[in-house]
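Residue numbers (this note's numbering), protein chains in the order written: chain A, 1 to 322; chain B, 1 to 325.
It is worth saying that the hints were derived from the structure and are not from the lab. Beta carbons: idealized from backbone N, C-alpha and C, even for Gly. Take the hints with a grain of salt, since some may be wrong.
[Said to hold, decoys possible] Ranges between beta-carbon positions, derived for each pair: (1) B:L137 x A:A44: 20 to 30 Å; (2) A:P35 x B:A130: 28 to 38 Å; (3) A:P35 x B:A231: 40 to 50 Å; (4) A:T268 x B:N164: 56 to 66 Å; (5) B:F65 x A:G54: 57 to 67 Å; (6) B:L173 x A:C51: 44 to 54 Å; (7) B:R52 x A:S128: 37 to 47 Å; (8) B:G235 x A:R38: 36 to 46 Å; (9) A:V127 x B:A130: 25 to 35 Å; (10) A:L154 x B:N83: 38 to 48 Å; (11) B:Y219 x A:L50: 55 to 65 Å; (12) B:F65 x A:Y75: 45 to 55 Å; (13) B:W61 x A:G286: 55 to 65 Å.
[Claimed, not checked] A short list of chain A residues far from chain B (calculated; beta carbon distances all over 12 Å): (14) Y75; (15) G148; (16) A256.
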Amino acid sequence: MNPPAESPAEGATEVVLAAAAAPGVAAPTAAEETPFRRIAADFAASRIALCGLGLFALIVLCALLAPLISPQNPYDLAQLDVLDGRLEPGTRSGDGKRVFWLGTDDQGRDMLSAIFYGLRISIGVGVSATLCALALGLSLGLAAAFFGGRVDALIMRVVDIQLSFPAILIALILLAVLGQGVDKIIVALVAVQWAYYARTVRSAALVERSKEYIEAARCLALPGARIVFRHLLPNCLPPLIVVATVQVAAAIALEATLSFLGLGLPITEPSLGLLIANGFTYMLSGKYWISFFPGVALLATIVSINLVGDQLRDVLNPRLQR
Amino acid sequence: MLAYVIRRLLQSVVVLFVMSLLVFVGVYAIGNPVDILINPNADQEDIERAIRGLGLDKPLWEQYFVFLQRALAGDLGRSFAYNVPALQLILERMPATLELATAAMLIAIVLGLPLGLWAGLKPESFAGKAIMTGSILGFSLPTFWVGLMLIMVFSVYLGWLPSNGRGPTTDVLGVPVSFLSWDGIRHLVMPATNLALFKLSLIIRLTRAGTREALLQDYVKFARAKGLSNARVVGVHVLKNILIPIVTVIGLEFGSVIAFAIVTETVFAWPGMGKLIIDSINVLDRPVIVAYLLIIVTLFIFINLAVDVAYSMLDPRVRLADAKG
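Extracted from the complex, chain A is given alone in its bound form (with noise of 0.2 Å):
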């Protein structure tokens, strides 16, 4: 889900979702250490964190390779059998062929199959929103933060005031006006992220921009963009990296919960909120499976993401450094 607005008063949330947001001062290496290195030793020195991101990893895999593992192709109408309807977990099919491990929906489909497919879709939209949402985001921080003045005034306010308003709500006021489809939930998650985009660049921005290696450049007489892009945006990186993975995993859990408010995806595009939307009218009588494995895909797809982002996060706030 997304974090919380910020208030016009500095920093209350950002101690919760961004607290490298905090830009900060770069820890200074051993000089045999790469900032790379130091980072993957610290991340890995928590057992859970690893965890995360094997089973990220592992989920990312099902989701490119679900054509070639899945025991069936769930939406191929010559592949289902009405008569496999909604058949408990571990039951055999009607031809004695296959085994449906994690059951069948109410049209005979192997919710394995499904729950595969089911994630390309989900983190396939969660990953293309992300990245269009920090591109704008990452551009208008860094104009405000470059330029000041008035750009920085409107744009900043208008990051306040958007804000302000629950991720969910904006998305709803979008998809109610803009109606359903891939392209239209990616245009909604846009604009729901990218003002923390614009925000977190900016504020890390503002601090790196007053340091000397920045006045360094400056003497040097570099060109604006140089020192923008490659003195800059790098030393801006880090607090944008937490903040992009968290919001990786807000973005696919908005997704399911709008295709499961029935105003996301259409229904051709079965991501894991609509398989679970679907399992939701057989669930009262009993039938659990159609809605609870397409759930535990989705919260295993978002815990392996925050935990990673967790990871992170701790690892690149250097107030926290021991």
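With chain A's structure known, arrange chain B on it following the hints.
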């Protein structure tokens, strides 16, 4: 202080105005209201008469002006689906949502503060780690799915709690509330817990982060050096300082709880504003959509203002004049 509040209120009017414009253009101008408002079997002449009757032949700015004029007079149109004024429809549903949101927030605060303090004071202990892992889970659990699972366990399998709806209501000062009867509480418990989970995790994490930072501060060391009891150091010195961000977040989150109630209300068929807006979007009941959005925007503006004022009272260092709005 007064000047600040007045300035903020003026700003709010501007925000509200801009929002009304966006909502109006969004909901009325995109898509053709004629298709929805007018019987598709009507002949050309009827359609044109209806367009004129609804004022849809006028230029957009003029339509907006009329809409604004009516909105200021408290007329946000009539619901197509219920044929009652949209404003009245929403206000009728509001107490149910507020009750649910308040109950959820109470659960989150009562459980979240102590758990967060514990996790912050003993971050390396087993309980501390368990609380943090639990809070990651709470953040990650999709609200709607947890709702479904609660229904499955407590209604379908155990049969302890009703799966949907709101219990009988009693009027308290003219506001219908349901938490006074046993049946009402039975209906309230599951949706409120469901809605509280996310906020609970948030409060735990905020409290923990605040506690950990506060413990490193000089004033805590000083308090300890003075020989104050641990209870006093934690209960007074630490708690007071970490409360500032927490109060802000609790205030702001109340708004987001109301927004997230949309999901919980849909799952539990709780008859509040959130379920109404989803139903209205599904049947394209535009006046209700517009009215809901304007009301919720107004609500948020007031919540934000109240939070800022409360913030300045808790922390005299915050000078309101500097705060942005």
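Do the hints match the structure? See the list:
Distance hint check for L137 (chain B) and A44 (chain A): the Cβ-Cβ separation is about 22 Å, which falls inside the suggested range of 20 to 30 Å. Separation of P35 (chain A) from A130 (chain B) is about 32 Å and conforms to the stated range, judged on CB atoms against 28 to 38 Å. Roughly 43 Å separates the CB atoms of P35 (chain A) and A231 (chain B), a value that falls within the hinted 40 to 50 Å. Our hint of 56 to 66 Å for T268 (chain A) and N164 (chain B) is violated, since their Cβ atoms are close to 29 Å apart.
Look at F65 (chain B) against G54 (chain A): about 60 Å separates their beta carbons, and that is inside 57 to 67 Å. Checking the proposed 44 to 54 Å range against L173 (chain B) and C51 (chain A) shows it holds: the Cβ atoms sit about 52 Å from each other. For R52 (chain B) and S128 (chain A), the hinted distance range of 37 to 47 Å is satisfied, since their beta carbons lie about 45 Å from each other. In this structure the supplied range 36 to 46 Å holds for G235 (chain B) paired with R38 (chain A), their Cβ-Cβ distance being about 39 Å.
The beta-carbon spacing between V127 (chain A) and A130 (chain B), approximately 31 Å, falls within the hinted interval of 25 to 35 Å. A beta carbon spacing of about 43 Å between L154 (chain A) and N83 (chain B) agrees with the range 38 to 48 Å that was offered as a hint. Under the hint 55 to 65 Å, the C-beta atoms of Y219 (chain B) and L50 (chain A), about 37 Å apart, miss the expected range. Hint check: F65 (chain B) to Y75 (chain A), Cβ distance near 49 Å, so the stated range 45 to 55 Å holds.
For W61 (chain B) paired with G286 (chain A), a C-beta distance near 57 Å keeps the hint of 55 to 65 Å intact. Every CB of chain B is more than 12 Å from the CB of Y75 (chain A) (nearest about 23 Å), matching its label as outside the interface. No beta-carbon of chain B comes within 12 Å of the beta-carbon of G148 (chain A); the shortest separation is about 15 Å. The claim that A256 (chain A) is not at the interface with chain B is violated, since a C-beta of that chain comes within 12 Å of its own (minimum 6 Å).
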